[in-house]
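Hey, can you work out the whole structure from these sequences and the hints?
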Amino acid sequence: AQSVTQLGSHVSVSEGALVLLRCNYSSSVPPYLFWYVQYPNQGLQLLLKYTSAATLVKGINGFEAEFKKSETSFHLTKPSAHMSDAAEYFCAVSEYNNNDMRFGAGTRLTVKP
Amino acid sequence: DTAVSQTPKYLVTQMGNDKSIKCEQNLGHDTMYWYKQDSKKFLKIMFSYNNKELIINETVPNRFSPKSPDKAHLNLHINSLELGDSAVYFCASSQYGTTDTQYFGPGTRLTVL
Numbered sequence: 050a051q052s053v054t055q056l057g058s059h060v061s062v063s064e065g066a067l068v069l070l071r072c073n074y075s076s077s078v079p080p081y082l083f084w085y086v087q088y089p090n091q092g093l094q095l096l097l098k099y100t101s102a103a104t105l106v107k108g109i110n111g112f113e114a115e116f117k118k119s120e121t122s123f124h125l126t127k128p129s130a131h132m133s134d135a136a137e138y139f140c141a142v143s144e145y146n147n148n149d150m151r152f153g154a155g156t157r158l159t160v161k162p
Numbered sequence: 002d003t004a005v006s007q008t009p010k011y012l013v014t015q016m017g018n019d020k021s022i023k024c025e026q027n028l029g030h031d032t033m034y035w036y037k038q039d040s041k042k043f044l045k046i047m048f049s050y051n052n053k054e055l056i057i058n059e060t061v062p063n064r065f066s067p068k069s070p071d072k073a074h075l076n077l078h079i080n081s082l083e084l085g086d087s088a089v090y091f092c093a094s095s096q097y098g099t100t101d102t103q104y105f106g107p108g109t110r111l112t113v114l
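Line order of the protein sequences matches chains C and X. Using the working numbering, you'd call the opening residue of the first sequence number 50 and step up by one each time. Using the working numbering, you'd call the opening residue of the second sequence number 2 and step up by one each time.
Hints were generated in silico from the structure; no laboratory data involved. A few of these clues could be false.
Stated by the list, open to error - Partial chain X-side listing against chain C, Cβ under 7 Å, derived:
| no. | residue |
| --- | --- |
| 1 | 44 |
| 2 | 105 |
| 3 | 108 |
Quick reminder that beta carbons are idealized off the backbone N, C-alpha and C, glycines included.
See below:
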């Protein structure tokens, strides 16, 4: 079965610094990969998704992620962190469209002024 | 317009009680889901319904029973509530067989005393 591992349950960066949230996946077939963001007391919102098209995927709020098959990774980056980026971030994988999606444990991003 | 809505937003109840959470989506999707998010933010799928038919049923106690009266609704009924059932429950919907994302509701925070 497919799964994802998010390295680092908590990442702290300074405002304006690079954001890097790590995600590695395991899948027996070419995966679909997703990054979601959850702001406090809210539901999950899609940031971006990889569905076997371009390996570099651009999402909302300046985030992007690169699919690297050789490394089984799908890390999320943003060149310059903003205070409003503070939230919980979830990586997810699906083997067959998006019907059975499995989430990582989440990474809490803190942005320091 | 709210795409995926859940009621109630908060639910506080005593152990042993029976309670229901309702979910409705107005996106025209044919697949709906229930997820449980525990206190450590871990998000786990519980059930998935496609066209009112159960297609994913993870290892969930029999006390949890989903009901889908139509494609736009997926309710979750919980019998004999236990302390460990305390969590945030998210409903989501998507269109089966596409690479479109799952859309999440705002969540229902269940507290069992």
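Which of the stated hints cannot be reconciled with the structure, identified by number in ascending sequence?
-> Of the numbered hints given earlier, the structure breaks none, since each of them holds.
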